[in-house]
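First to last, the sequence lines map onto chains A and B.
Once you know that position 218 of the first sequence is 218 in the working numbering, the rest is easy, because the numbers rise by one and skip nothing.
One rule links them: number in the working numbering = place in the second sequence (from 1) + 1000.
Source of the hints: derived by calculation from the structure; they are not laboratory data.
Treat the hints with care, as some may be off.
Quick list of in silico lysine-lysine cross-link-like pairs, BS3-like style, CA-CA up to 30 Å [as the list claims (entries may be wrong)]:
id	chain 1	residue 1	chain 2	residue 2
1	A	K473	B	K1612
2	B	K1065	A	K348
3	B	K1579	A	K398
4	A	K65	B	K1612
5	A	K70	B	K1394
6	A	K608	A	K741
7	B	K1563	A	K475
8	A	K65	B	K1563
9	B	K1563	A	K348
10	A	K605	B	K1473
11	B	K1612	A	K174
12	A	K563	B	K1473
13	B	K1065	A	K205
14	B	K1563	A	K473
15	A	K174	B	K1065
16	B	K1579	A	K475
17	B	K1473	A	K535
18	B	K1473	A	K65
19	A	K65	B	K1204
20	A	K563	B	K1070
21	B	K1065	A	K65
22	B	K1387	A	K579
23	B	K1579	A	K473
Computed footprint of chain B on chain A; a stretch qualifies when at least three of its residues, placed anywhere within it, have a C-beta under 8 Å from a C-beta of chain B [said to hold, decoys possible]:
id	segment
24	66-78
25	475-483
26	574-582
Output of the computed footprint for chain A on chain B, the stretches with three or more beta carbons under 8 Å from beta carbons of chain A [unchecked claim]:
id	segment
27	1057-1070
28	1469-1482
29	1552-1558
30	1569-1578
Every value quoted in this text rests on a predicted model; they were computed, and no experiment measured them.
Beta carbons are placed, not taken as given, at the ideal position from N, Cα and C, and that holds for glycine.
This is what each chain is made of:
Protein chains: 2
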Amino acid sequence: MQKLVEVDPWKIKQNELGFDQRPYESIFSLGNGSFGQRANFEEKYSGKTLLGNYSGGIYYPDPTKVGWWKNGYPEYFAKVLNSCNWIRLDVEVDGFSLDLSELNVKSFYRELDMKTGILSRKFKVELPNKKQITVSAQRFCSMHNDEVGAISYSITSDQEVNINIDSFLDFDIKNEDSNYEDYFWQNIEPHTNEECDLIIAATKKTNFWVALSQITTLNIKNDNFISSYESTKGDRFISRSFDCVLEAGQTLTTKKYISVLTSLKYDKEKLIDLVKNNVLQAKINDFEKLKTDHSEAWQQIWENADIQIEGDIKAQQAIRFNIFQLYQTYNGKYSYLNIGPKGFTGEKYGGATYWDTEAYCIPFYLKTSNSSVAKNLLIYRYNQLQKAIENAEKLGFKNGAALFPMVTMNGEECHNEWEITFEEIHRNGAIAYAIYNYVKHTIDYEYLEKYGLAVLVSIAKFWAQRVNWSEDKSKYVILGVTGPNEYENNVNNNWYTNYIAKWCLEYTLESLKRFPKKIQLEETELNRWKDIIDKIYLPNIHGTGIFLQNDGFLDKEIFPASKIPINQRPINQYWSWDKILRSVFIKQADVLQGLYFFENHFSEKVIKENIKYYEPLTVHESSLSPSIHSILFSKINDHKKAYEMYLRTARLDLDDYNHEVHEGLHITSMAGTWLSVIEGFAGLRVNEKGLYFKPILPEQWHSYCFNIMFRNQRVKFDIRKKSSVLINYGDQAINIFTNCKPYILEPHSKLTIVC
Amino acid sequence: MQKLVEVDPWKIKQNELGFDQRPYESIFSLGNGSFGQRANFEEKYSGKTLLGNYSGGIYYPDPTKVGWWKNGYPEYFAKVLNSCNWIRLDVEVDGFSLDLSELNVKSFYRELDMKTGILSRKFKVELPNKKQITVSAQRFCSMHNDEVGAISYSITSDQEVNINIDSFLDFDIKNEDSNYEDYFWQNIEPHTNEECDLIIAATKKTNFWVALSQITTLNIKNDNFISSYESTKGDRFISRSFDCVLEAGQTLTTKKYISVLTSLKYDKEKLIDLVKNNVLQAKINDFEKLKTDHSEAWQQIWENADIQIEGDIKAQQAIRFNIFQLYQTYNGKYSYLNIGPKGFTGEKYGGATYWDTEAYCIPFYLKTSNSSVAKNLLIYRYNQLQKAIENAEKLGFKNGAALFPMVTMNGEECHNEWEITFEEIHRNGAIAYAIYNYVKHTIDYEYLEKYGLAVLVSIAKFWAQRVNWSEDKSKYVILGVTGPNEYENNVNNNWYTNYIAKWCLEYTLESLKRFPKKIQLEETELNRWKDIIDKIYLPNIHGTGIFLQNDGFLDKEIFPASKIPINQRPINQYWSWDKILRSVFIKQADVLQGLYFFENHFSEKVIKENIKYYEPLTVHESSLSPSIHSILFSKINDHKKAYEMYLRTARLDLDDYNHEVHEGLHITSMAGTWLSVIEGFAGLRVNEKGLYFKPILPEQWHSYCFNIMFRNQRVKFDIRKKSSVLINYGDQAINIFTNCKPYILEPHSKLTIVC
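Based on the provided sequences and hints, a complete structural model is requested.
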């Protein structure tokens, strides 16, 4: 854990420049669900940096790189693509490049205001000729209009200086994460006219088109407009360069308006006109108006999604940072987009869609947004069902069985390690679980009939073919899987996988009954499902209530993670892979993930027994782990551990627990953080009848307060030591179930609960 | 199975040219233990071909290519390097390139005479101008002087023609098996003088130097010597070109003498002088003399190593092909060389040393050569012991424990799949077993004390650290391994691995007792070994005598391989990897490999039970499998199955069973073929007291006859239906044990055995 940023309830602040900007570039990233970027400096920086501009859904199918090819491997691994760098402003003062890594930096300050979504920066440097330059910059990716971004960049000098500013739309970028060092773009066309610059390019192979436009204005003191410029069209860029003389004490302000559009949203032939109009409109609106609209959009989001924590400023900052990043990543408008593990903050992991979306993000969006957001995420999978069926066929399954990919952009599998791709099949379970979760929250049975059911049936068919009958055990078994705990590979009878497979079959049968005419299945198929439900292997450890992680687990040397020498943590950085696999240590919640999903199937005693057994063996080297543990610790009233796990998940990136924040943020696990407050501390559950609520207050906190969306009505919870106040802002009464008694929360009314 | 070549007792013959030369290039490969090559044509060929010239021990450490890096991975994968192409003769006749893929081929014949080791070729083509050209070529890599090769290439025309011949030493070659398409050579220097051409080059990174020289002579009708030439020095080649006019009916003969030397054998600065002298000497000797010396060297080898089979010409051809290829690959002179799975016949698999050497090749060389050959192979591992200790340290082992690499050139691991590299640890067992085998054959205890013991102790230490105590089983277990059956990965308690680990500890303890002062170990270490020997987990299947392949095996769906649809065989070409892993099918002998090694530890009943259980589940998709099965079937007197398995291993490449001969030959498995005759049909065993002998005669054979070397004495076996005749060519009497009674085979005498 290291101190990267200052603590503040609403802001992220950096006071020291440092040399390696990459951790800060991740933390200060901006995005608006459609496009986004790392917090690279506008001007040149020759220190350590990782350039990143990304357009949602734009990917490149990089040929798979493996040591030994295995049958069934996907042919490519989809890469999150570095797209056009639109923030680039090359600045020269008296012929010296403004480069914070080269100049004498007198002061540096960077701030992300999460309330308004504005990234700002202020610094003072001394040039080799001893003149002092102060820069003040702001920028944002508009949440109000997710096709627009803007920069304001002001330069003041203590003496007269010559300034050259060159404003770029620059496709001369490359991916750090590239298997064969290819350049991924083609057909790059720069355009320019009096008012604005444009560039359009296509991705190789996938032929996505991305168009950008920019208008760059320069003013001195708001009245002295600089209009003469020189345009340069490069092979991969367009730029517009301005020269001026700045008198001592004067301020030169550059404003840069941009628009980004892609062919995912618009017809290719319309892109140029649209992107040009957009940027003209943005300039007419002016930076201040755009900024106000943007900040108001954030205000709207915070109204629903904010969590206020009193008495614990670190926790407060952290939870807001998590919520802020989630909404920057996915705005819920487009069913062709999803939530990459690193969002718009880095390239790593490729692909956009993991089971993280279903297991972690959907519950977050379900409770903080209109239900259409979660629905779009579910329809994304529905739209990819055919590809999931083809994926299963490649592995030898038939008759419409579907295996959704472990990692994907377009529905095709693009992970290339067999132990993950072929074996981490529990993802199919999480996708079914998200359907169940969505329906439970929304009672949207129309969705279930129209979309969900087909997905469930194909998933159920997969499980029915994937199990086999063990003569030896007289049970159905599932062989050769990797569970959520990726520190075991190719194991038999992973309890979590077996359990969720069984549950999928049950839930699909139940859903089929609701729409008996929608999908007709053979009696033999249905009977097999029922037989599997009855006879699947789900062992306990020697007559205890503890479920067996997987076959062979008890052959391991069992000792708690606390006994691992501290200089060997995280073990994935210090131990060889075979040692990790043989060890008893669990990367992330696995049996416990199952107990979290299906908590009502088990007694509190059983849940406690399992936590007590597995938690000491868990090393939490997946960012998805501590949040689930936090929720379960809240459930069993272990406040101390719940809070410890909460802090670990909440400040994972801000405090860079795993020494990897420079690669980008752990976006999807941030949803887990949110869940550890709402489902953990507040003990909130949704079922068809209403809300269940059993809060605890961490002793470090005076109170906490949040809203949730329940069937598109906003409900506020204010949780204090002795009571909780609930406000229903909607038009429908809501049933509230608590530990002591049930209540009815009337429309537009307040309810105080003491129990 | 396809018919590629004609059946003949001593020759391999090809009558049809075909388009794809690659299968033939593999089958007709030449080598002499030091260097070798695929049977590429001397002249240009623009059809399908895989160029291959190789120098033993010369490799390139190609950076490892994997999808996701895992801790402990080796940094590179050693590649068998394509070295200088010295056979190249570009021939133009009347300006037409002599290219069999382009011209009208009237006849084509190629022959490998295994008795003499000569590759010859004869063909007739018609040029576009209707002139007919006949070519007759011969070449060899000298077994008499393993630094020399020679080609004789004769051209006859039915009409007067202009001929240009350009003779190359050509480093402008590339590896098909290359991770990043790199060129692996540098510092290439061509030299030329009146008499000869030279080229020297260094491998990148490893900086091995390879020097070649050539002398090219042209004669018409043996008297008309063509002496005017033109030399060309390219960046990567040197060539010498000749022009002449050939009258109708005349024959132009080109003779090319070459020498190849490497810095593995000589000082770098001496290479040029040595290689020049070598080629001058070769030319003085003349082609015919070199050829005679070469053929006599082969005759020597055949004297010890030949197997004569009467009544079965296919089996006869096959066994000679196997023996021929083994001796072409490894001549036993150099302890820095080893036996690559493809020898000098292809690039695939990289590296030179697998456990194949110890498990298959050493028993072959032990019985066909002077014991120094096997000893050199053992010393090769001894020389790499320190690297094996470092390899184990990388994986977390300590205190001198060694894990020998799965694949290596220089002692460092260079395989890059975790399930093989980290988990296929049974290779350590095979290395210990080879020491035991060598000592049993040779009673060379001096070797054991000086070299073997240190290797054994480090291997024993490895096993002692690699097991762990299972509280659940109250046994020592070995978790996370891949056995010889690579169609299971990351399994627990592979019976073969557990058994050989136990045996290694026993044999090391026994060996330590023989030399009590050589290596001192702590009492606690020795006690742990003894405790493991007592308490290692080695289960049978439900009270039968059948050993359990590995934990979880009985959870699989068990049905015989014969039920797999024929269009899904081999399964590794049709099934996805996860399906293979979940299936019950065994790639190669695994439990049975253990029963083969340790046959005296088990009753014949137990061996029979295990064969009966595992054989139907075995798909033999490793070339190493059928031979072991053949030996075991001989042992249990199932002659029919023994013969079926023999044919499968013996003609694997000649009949291209697995559709992969174009990549090269399965050199190491050829030793298994030999074993299936000697240890299988002949039932020959060696122990400290003498030879044990229990022959069977396959019903397809009239008789078979072979020699073995026993303690550096040659013993001949002539096995017929009713009797066997043994001849001892040595000076020492030998004890012979048979099924009925023991004999003494006196020096220089003959013994007829009927029983």
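Okay, the hints, checked on the actual structure:
Distance restraint check for K473(A) and K1612(B): the Cα-Cα separation of roughly 23 Å lies within the 30 Å cut-off, and the hinted pair is therefore satisfied. At roughly 18 Å between alpha-carbon atoms, K1065(B) and K348(A) fall within 30 Å of each other, so this suggested pair holds. Distance hint between K1579(B) and K398(A) is fulfilled; the C-alpha atoms sit about 13 Å from each other, no more than 30 Å. At most 30 Å may separate the alpha-carbon atoms for a hinted pair to count; K65(A) and K1612(B) exceed this at roughly 41 Å.
Of the supplied pair hints, the one linking K70(A) and K1394(B) holds, its CA atoms being roughly 27 Å apart against a limit of 30 Å. Distance check on the hinted pair: K608(A) and K741(A) sit about 24 Å apart at the alpha-carbon level, within 30 Å; holds. Restraint check for K1563(B) and K475(A): the C-alpha separation of about 23 Å stays at or below 30 Å, so the hint holds. Restraint check: the Cα-Cα separation between K65(A) and K1563(B) comes to about 35 Å, which exceeds 30 Å; the hinted pair is violated.
A C-alpha spacing of about 45 Å is found between K1563(B) and K348(A), which places the hinted pair above 30 Å, so the restraint is violated. Only pairs whose Cα atoms come within 30 Å are accepted, and K605(A) paired with K1473(B) is accepted, the gap being roughly 27 Å. Proximity of K1612(B) to K174(A) is assessed by CA-CA distance (about 59 Å); at most 30 Å being required, the pair is judged violated. This hinted pair checks out: K563(A) and K1473(B) have alpha carbons roughly 23 Å apart, not beyond 30 Å.
A distance of roughly 23 Å separates the Cα atoms of K1065(B) and K205(A); the hinted pair therefore holds under the 30 Å criterion. Annotation: proposed proximity of K1563(B) to K473(A) holds, straight-line Cα distance about 23 Å (limit 30 Å). With a CA separation close to 21 Å, the supplied pair K174(A) and K1065(B) stays within the 30 Å bound. For the suggested pair K1579(B) and K475(A), the alpha carbons sit about 20 Å apart, so the restraint of at most 30 Å is met.
The straight-line distance between the Cα atoms of K1473(B) and K535(A) is roughly 26 Å, inside the 30 Å bound, and the hint therefore holds. Pair hint K1473(B) plus K65(A) does not hold up; C-alpha atoms about 41 Å apart against a cutoff of 30 Å. Distance check on the hinted pair: K65(A) and K1204(B) sit about 23 Å apart at the alpha-carbon level, within 30 Å; holds. Between K563(A) and K1070(B) the alpha-carbon distance is near 23 Å, which keeps this suggested pair within the 30 Å criterion.
Annotation: proposed proximity of K1065(B) to K65(A) holds, straight-line Cα distance about 7 Å (limit 30 Å). Using a Cα cut-off of 30 Å, the hinted pair K1387(B) and K579(A) holds, with the two alpha carbons roughly 20 Å apart. The straight-line distance between the Cα atoms of K1579(B) and K473(A) is roughly 20 Å, inside the 30 Å bound, and the hint therefore holds. Counting residues of the segment 66-78 of chain A whose CB lies closer than 8 Å to any CB of chain B gives 8, which reaches the minimum of 3, so the coverage claim holds.
Taking a C-beta to C-beta cut-off of 8 Å, the segment 475-483 of chain A contributes 3 residues in contact with chain B, enough for the three needed, and the coverage statement holds. For a cut-off of 8 Å, the count of residues in the segment 574-582 of chain A with a CB near a CB of chain B stands at 9, and the three-residue condition holds. Counting residues of the segment 1057-1070 of chain B whose CB lies closer than 8 Å to any CB of chain A gives 6, so the stated coverage by that chain holds, three being the minimum. Against chain A, the segment 1469-1482 of chain B contributes 8 residues with a C-beta closer than 8 Å to a partner C-beta. That satisfies the three-residue criterion, and the hint holds.
For the segment 1552-1558 of chain B, the stated coverage by chain A holds: 6 residues have a C-beta nearer than 8 Å to a C-beta of that chain, and at least 3 were required. Under a criterion of three residues with beta carbons nearer than 8 Å to beta carbons of chain A, the stated coverage of the segment 1569-1578 of chain B is upheld, 7 such residues being counted.
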